[in-house]
Each structure stands twice: as structure tokens, then as C-alpha cells.
Amino acid sequence: DAKTTQPNSMESNEEEPVHLPCNHSTISGTDYIHWYRQLPSQGPEYVIHGLTSNVNNRMASLAIAEDRKSSTLILHRATLRDAAVYYCILRAGNQFYFGTGTSLTVIP
Amino acid sequence: SAVISQKPSRDICQRGTSLTIQCQVDSQVTMMFWYRQQPGQSLTLIATANQGSEATYESGFVIDKFPISRPNLTFSTLTVSNMSPEDSSIYLCSAFRGTNTEAFFGQGTRLTVV
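From first to last, the protein sequence lines are chains A and B. Take the position in the first sequence, starting the count at 1, then add 13; the result is the number in our numbering. Take the position in the second sequence, starting the count at 1, then add 561; the result is the number in our numbering.
Don't take every hint at face value.
Pair by pair, the computed Cβ-Cβ distance ranges are [what the hints assert, rightly or not]:
1) M72(A) <-> V675(B): 25 to 31 Å
2) G621(B) <-> D80(A): 31 to 37 Å
3) T65(A) <-> T605(B): 24 to 30 Å
4) S54(A) <-> T581(B): 20 to 26 Å
5) V675(B) <-> G42(A): 44 to 50 Å
6) Q585(B) <-> S54(A): 18 to 24 Å
Non-contacting residues of chain B with respect to chain A, defined by C-beta distances greater than 12 Å in every case (computed) [what the hints assert, rightly or not]:
7) L580
8) L604
9) T605
10) L606
11) G613
12) D648
13) N661
Residues on chain A that point at chain B, a partial pick, calculated with CB under 7 Å [said to hold, decoys possible]:
14) P53
15) Y59
16) G63
17) F109
18) T113
19) S116
20) P121
Quick caveat, the hints were computed from the structure, so don't treat them as lab data. From a predicted model like this one, the values you see are computed outputs, not experimental measurements. Cβ coordinates follow ideal geometry from the N, Cα and C atoms, glycine included.
Please take these sequences and the hints and turn them into a complete structure.
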């Protein structure tokens with residue numbers, strides 16, 4: 014299984030940016046980096062993914078280190094609805110193996 | 562995108578019985594997967610549901626306990642057989658079209674075995 018390491022929990026103030034780190038030192042050249050989030054009592058929701066270059070979408074930005082051994086999910090302005098568990102996943106082939114994730118608390 | 566519907570959304574079952582969970586995708590997908598999520602834990606991949614052939618199981622999961630069917634490109638079932646209280650979990654279906662795309666997840670089936 015491809016492995017990722019994330020902090021167990023993080024806090025952020027509402028309307029401030031949040032940087033969620035992920036280490037994936039065993040990444041191989043063809044592994045995509047995916048981020049999903051899971052709100053309570055829901056299935057995981059896609060956030061963003063990338064291979065080598067930084068990526069932006071309407072939800073977030075993904076910054077990938079030059080050596081690809083780490084990445085950072087950036088939420089530009091945290092809202093209360095962003096409180097969730099965020100999973101950083103390496104997609105090796107067609108399988109998605111989830112790590113332990115980071116539980117994000119947003120403080121009003 | 563793809564919308565995934567799972568049935569039932571929750572169930573309470575007697576030990577020793579079996580439950581079949583259905584997963585319907587609103588469009589054709591290449592890959593379908595089944596996950597288990599125990600309370601407060603992350604998702605664990607059970608198996609890849611292969612269309613027209615036997616599912617591919619991850620270490621620790623066996624076909625006799627978790628038989629899976631995938632008769633076409635939009636539908637799959639997972640059966641939890643001979644249930645015990647340790648099988649109480651959320652079971653999630655996922656779909657993936659491959660290559661540079663994202664995966665989609667159902668809302669899960671919350672199973673309680675008493």
C-alpha cells in the first residue's frame with residue numbers, strides 16, 4: 014500500500030487560510046496525489062488531485078513539493094462547513110488506500 | 562461526476578445472518594470498490610469489484626465472508642455473510658473511471674449486528 018502521513022488534528026480560525034500537510038516519501042513516479050474530505054455521517058468527497066504540478070480548483074489548492082515527497086492542501090478561507098476529516102491519498106494504479114487523515118476544526 | 566446510491570442506508574441484523582448491500586452508479590464506470598469504515602476510523606479497502614469476473618480482495622478479506630458481484634458497469638453488491646458483532650461498521654461503495662480522474666463514494670451503509 015502507498016503510505017501517507019498526516020497530523021491527526023488541526024485547528025483554524027474561520028475565514029483564515031488553512032494549510033494541511035501530507036508526507037508521502039515512498040511515492041513513485043506514476044502515483045497521483047489525491048485529497049478527499051469526509052463530513053460526519055457522509056461518504057468521502059473529492060477535493061483535489063495532482064501529479065507533479067500545483068493545482069487549483071474552486072474548493073482548494075494543492076501544492077506539491079518538487080521532489081513529490083510531500084504536499085499541502087490549502088483552503089484559502091476556512092468556513093465552518095470545512096470542518097471535516099481530510100485524507101491525503103496516493104493512488105497507485107487504480108486503488109485508493111486511505112491513511113488516518115487530519116481532523117480539521119474550524120473555530121468561529 | 563457520478564452519483565452513487567447505496568441501499569440500505571442502515572440496518573440492524575441478527576448475528577449469523579447475511580446482508581446484501583447494493584451500489585448503483587448513475588453512469589458507467591471502469592472500477593468499483595468496497596470499503597469498510599469502523600467507528601472513528603479511516604476507510605479500509607475490502608476489494609475491487611471486477612465486471613464479469615471474481616473480485617480482487619485485499620489482505621485480511623476473503624470471498625466466503627464478503628462475496629461481491631458486479632454484473633455490469635453500473636452496479637455491484639457486497640454481501641456480509643454469517644455476521645457477528647465485529648462486522649458492525651459502515652460499508653462504502655466507490656467508483657472510479659481511471660487515469661487522471663477522481664473517485665466517487667456512496668453515503669455508506671451503517672450496519673449494526675446484534
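Status of each hint after checking the structure:
Here the CB-CB span from M72(A) to V675(B) is close to 40 Å, at odds with the stated 25 to 31 Å. In this structure the hint that G621(B) and D80(A) lie 31 to 37 Å apart at CB holds, the actual value being about 33 Å. For T65(A) and T605(B), the hinted distance range of 24 to 30 Å is satisfied, since their beta carbons lie about 29 Å from each other. The supplied range of 20 to 26 Å is met by S54(A) and T581(B), whose beta-carbon atoms lie about 22 Å from each other.
At about 49 Å, the beta-carbon gap between V675(B) and G42(A) stays in the expected band of 44 to 50 Å. The beta-carbon spacing between Q585(B) and S54(A), approximately 20 Å, falls within the hinted interval of 18 to 24 Å. Against the 12 Å criterion, L580(B) stays outside the reach of chain A, whose nearest CB is about 18 Å from its own CB. Taking the minimum C-beta to C-beta distance to chain A, about 4 Å, the non-interface status of L604(B) is violated against the 12 Å cut.
Distance check for T605(B) against chain A: the nearest CB is about 7 Å away, which does not clear 12 Å, and the non-interface claim fails. Annotated as non-interface, L606(B) brings its C-beta within 12 Å of a C-beta of chain A; the closest such distance is 6 Å. The claim that G613(B) is not at the interface with chain A holds, since no C-beta of that chain comes within 12 Å of its own (minimum 16 Å). The claim that D648(B) lies off the interface holds: its Cβ sits roughly 19 Å from the closest Cβ of chain A, which is beyond the 12 Å cut-off.
In this structure N661(B) is not separated from chain A by more than 12 Å, as the shortest Cβ-Cβ distance comes to only about 7 Å. The interface hint given for P53(A) is violated, since its Cβ lies 11 Å from the closest Cβ of chain B, which is over the 7 Å cut-off. About 4 Å separates the beta-carbon of Y59(A) from the nearest beta-carbon of chain B, less than 7 Å, and the hint is met. With a cut of 7 Å, the hint placing G63(A) at the interface with chain B is violated, because the nearest CB-to-CB distance is about 9 Å.
Contact between F109(A) and chain B, as hinted, is supported at the beta carbon level, the nearest pair being about 5 Å apart and thus within 7 Å. Among the interface hints, the one on T113(A) holds; its C-beta lies about 5 Å from the nearest C-beta in chain B, closer than the 7 Å criterion. The beta carbon of S116(A) comes no nearer than 10 Å to any beta carbon in chain B, farther than 7 Å, and the hint placing it at the interface is violated. For P121(A), the interface hint is violated, since its Cβ never comes within 7 Å of a Cβ in chain B; the closest pair sits about 24 Å apart.
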